[in-house]
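Take these sequences, add in the hints, and give me the full structure.
Residue numbers (my numbering), protein chains in the order written: chain A, 87 to 442; chain B, 87 to 442.
Derived from the structure by calculation, the hints contain no laboratory data.
It is possible that some hints are incorrect.
Identical copies look the same in the list; a pair holds intra-copy or inter-copy alike.
Straight line, CA to CA, 20 Å or less: simulated EDC-like cross-link-like pairs of lysine to aspartate or glutamate [said to hold, decoys possible]: (1) Lys412 <-> Asp333; (2) Lys412 <-> Asp401; (3) Lys201 <-> Asp188; (4) Lys117 <-> Glu240; (5) Lys100 <-> Glu233; (6) Lys117 <-> Glu284; (7) Lys100 <-> Glu367; (8) Lys407 <-> Glu312; (9) Lys201 <-> Asp136; (10) Lys407 <-> Glu107; (11) Lys100 <-> Glu435; (12) Lys357 <-> Glu233; (13) Lys117 <-> Glu435; (14) Lys142 <-> Glu107; (15) Lys201 <-> Glu260; (16) Lys201 <-> Asp341; (17) Lys117 <-> Glu94; (18) Lys143 <-> Glu112; (19) Lys145 <-> Glu107; (20) Lys145 <-> Glu94; (21) Lys201 <-> Glu258.
Protein chains: 2
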Amino acid sequence: MTLSNPLETSPQLKTMLAAVESACRESLNHKILLSEPAIFQMLSYHMGWDPALPGKKGKRIRPLLVCLVAQACGTDWQRTLPAAASVELLHNFTLIHDDIQDQSDERHGLPALWKIHGIAQAINAGDAMYSLALDHLWRLRSAFSVEIIAQCSEQLTLTCLHLTAGQYQDMEFETRPVIRDVAIAGTSGQKFPVTADEYIRMVEGKTTAMLRACCNIGTILAGATEEMQATFDAFGYHLGIAFQVMDDYLGVWGDSAQTGKSNATDLINHKRSIPVIWGLERSSAFQQRWVNGDIQASDIYLLRDMLTDAGVASDVLMLAKDHTLKAFACLQKAITLGAHTSYLPDLTEWLLNRNK
Amino acid sequence: MTLSNPLETSPQLKTMLAAVESACRESLNHKILLSEPAIFQMLSYHMGWDPALPGKKGKRIRPLLVCLVAQACGTDWQRTLPAAASVELLHNFTLIHDDIQDQSDERHGLPALWKIHGIAQAINAGDAMYSLALDHLWRLRSAFSVEIIAQCSEQLTLTCLHLTAGQYQDMEFETRPVIRDVAIAGTSGQKFPVTADEYIRMVEGKTTAMLRACCNIGTILAGATEEMQATFDAFGYHLGIAFQVMDDYLGVWGDSAQTGKSNATDLINHKRSIPVIWGLERSSAFQQRWVNGDIQASDIYLLRDMLTDAGVASDVLMLAKDHTLKAFACLQKAITLGAHTSYLPDLTEWLLNRNK
Chain A
87 MTLSNPLETS PQLKTMLAAV ESACRESLNH KILLSEPAIF QMLSYHMGWD
137 PALPGKKGKR IRPLLVCLVA QACGTDWQRT LPAAASVELL HNFTLIHDDI
187 QDQSDERHGL PALWKIHGIA QAINAGDAMY SLALDHLWRL RSAFSVEIIA
237 QCSEQLTLTC LHLTAGQYQD MEFETRPVIR DVAIAGTSGQ KFPVTADEYI
287 RMVEGKTTAM LRACCNIGTI LAGATEEMQA TFDAFGYHLG IAFQVMDDYL
337 GVWGDSAQTG KSNATDLINH KRSIPVIWGL ERSSAFQQRW VNGDIQASDI
387 YLLRDMLTDA GVASDVLMLA KDHTLKAFAC LQKAITLGAH TSYLPDLTEW
437 LLNRNK
Chain B
87 MTLSNPLETS PQLKTMLAAV ESACRESLNH KILLSEPAIF QMLSYHMGWD
137 PALPGKKGKR IRPLLVCLVA QACGTDWQRT LPAAASVELL HNFTLIHDDI
187 QDQSDERHGL PALWKIHGIA QAINAGDAMY SLALDHLWRL RSAFSVEIIA
237 QCSEQLTLTC LHLTAGQYQD MEFETRPVIR DVAIAGTSGQ KFPVTADEYI
287 RMVEGKTTAM LRACCNIGTI LAGATEEMQA TFDAFGYHLG IAFQVMDDYL
337 GVWGDSAQTG KSNATDLINH KRSIPVIWGL ERSSAFQQRW VNGDIQASDI
387 YLLRDMLTDA GVASDVLMLA KDHTLKAFAC LQKAITLGAH TSYLPDLTEW
437 LLNRNK
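Below, the structure is given as structure tokens:
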């Protein structure tokens with residue numbers, strides 16, 4: 087089943103997306119950046135706005151989530167645009183640093199920022215993006231009380247702390263042994279293979295924290311009740327887990343023509359995604375091949391089949407489905423609490439069923 | 087003349103310094119960090135608190151400045167400790183990233199964080215330190231209004247944006263030609279040798295922005311008048327320029343036994359400090375030797391003498407003195423406005439005359 091992308095089919099969502107994009111662009115017009123055009127250009131390039139080198143842009147899911155949740159809770163979404171731009175900048179700060187950390191050469195079809203300007207300047211550009219994101223939040227001052235903005239600001243800094251915890255774990259996983267019952271010595275004691283529980287904990291930091299923050303900022307700006315806030319927070323949580331698990335699924339079984347990245351990448355990069363974690367636990371053939379190392383693109387179909395044969399594909403989909411259903415249940419609950427969820431179910435469905 | 091360090095001789099300043107250190111330590115006890123002990127340990131190590139590897143600590147000048155300025159403006163300095171800790175964490179976030187960017191192997195006599203944990207984890211640890219710094223500021227909530235804390239928060243994020251601009255320039259200087267009247271092609275047009283004006287602009291971002299922020303946060307927390315705020319802001323500005331110029335002076339003419347770092351480092355690392363900028367402008371012998379490259383420790387005395395002969399040493403000291411006098415004039419003005427500057431003049435004098 088191929089779902090249509092509501093961002094392309096719904097005029098209202100297209101309008102919102104255009105407003106979000108425009109708010110993000112506006113956020114770069116900061117006097118300090120304008121006085122240092124080189125940093126402005128680096129950030130602009132990363133966002134896909136370099137007129138000479140326009141890249142594919144990100145999906146802008148996170149700022150849309152801020153606007154849609156605020157709208158669902160009865161607030162004019164246009165008032166929330168500075169916060170929407172903030173979360174998108176924050177997300178992109180993490181991408182700039184991620185690419186250095188993962189040594190990823192490309193982002194949205196163009197060379198990653200560090201490949202052009204070097205690691206030192208790219209670290210600095212990421213730091214600038216982070217600072218800009220937090221500074222930009224205060225543009226809400228004309229429409230919201232300082233107490234409300236302060237709550238949003240705390241959400242963002244706390245989210246970044248969660249992100250660094252998740253990022254730490256993701257990188258630390260690469261140093262772990264792959265063979266069950268075989269521990270290796272680490273700097274703080276013995277190390278064991280990554281478990282599914284540890285994976286979920288890592289995703290809670292790396293992916294869900296940000297989506298929860300978007301939901302929380304949306305409800306905070308709408309002045310929603312505590313129960314409504316908790317409901318959307320839970321929605322963000324399950325959406326985040328389902329989104330990451332689907333991403334990992336597509337990283338192995340996705341159609342590269344549709345995902346836009348080679349479906350071999352996750353296996354070739356030895357990423358400890360949930361399919362790999364379960365494959366190492368359940369398939370000795372997969373484990374053996376993994377331990378041997380040097381996985382080439384030509385090995386992918388074999389590895390994929392090993393995972394499928396061990397029942398990993400269906401279990402990964404089931405995990406994603408479990409959290410998807412929970413996310414929808416949260417939206418249902420929000421409706422009973424008085425929310426008008428409008429495009430949130432469509433967007434959720436598309437996000438979690440894309441490219442199947 | 088060797089001035090005694092008031093941080094070692096004044097009981098009151100020692101008490102304040104101990105309270106600052108304790109507040110900084112307390113700031114690491116964040117539930118997210120406690121649940122990820124590896125990041126906690128990295129930050130703790132960087133701060134010089136690893137019980138197994140205690141390093142020399144930083145001077146903690148910035149948090150002291152927050153406390154002293156707030157005290158000067160009539161507020162109990164102990165109420166400002168969370169803000170003091172925030173600025174010290176923020177400063178240390180920049181140091182963690184600086185060391186990666188400059189490829190500095192050591193910090194306070196121990197291996198730099200990235201030398202132990204690698205670039206990827208050190209970038210992440212820096213990001214965690216930044217997030218923690220901003221989050222920690224909200225601990226002021228029990229003693230200050232949200233509006234006051236919001237103003238401090240804006241100061242910090244704006245300061246970081248200034249810092250990234252200064253850091254960009256500092257790194258970009260290394261790509262500039264050294265020979266007068268000879269331009270080289272850069273990514274955005276021709277590049278010319280670094281001028282003293284450009285140097286000052288870089289220092290405004292890299293050093294003064296943070297010291298101004300400390301002063302501003304001190305006056306904001308004290309609820310000082312706008313005139314008082316502007317006076318301490320100007321004090322922070324001149325202190326910052328004088329401090330950096332003196333640092334550059336000591337980087338060439340300092341006594342390594344007293345500065346704790348080799349006085350050759352700045353010349354060997356080809357750092358475009360103000361002595362070097364003026365040396366390249368004024369001394370063709372210095373320029374020639376600089377262009378030849380591969381400066382060894384044994385060349386330092388010759389290079390230093392070339393700079394001294396070209397009048398650079400005295401001009402650098404004069405520049406520092408000019409800003410020092412202006413900083414003292416600001417303190418005098420603050421006194422006429424009703425401030426009780428207590429240890430600020432002593433601390434300023436020591437900072438700007440250390441190791442002469």
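**OP:** Could you work out which earlier hints the structure fails to respect and list their numbers in ascending sequence?
**Re:** The structure breaks hints 5, 7, 8, 10, 12, 13, 16 and 17; every other hint is satisfied.
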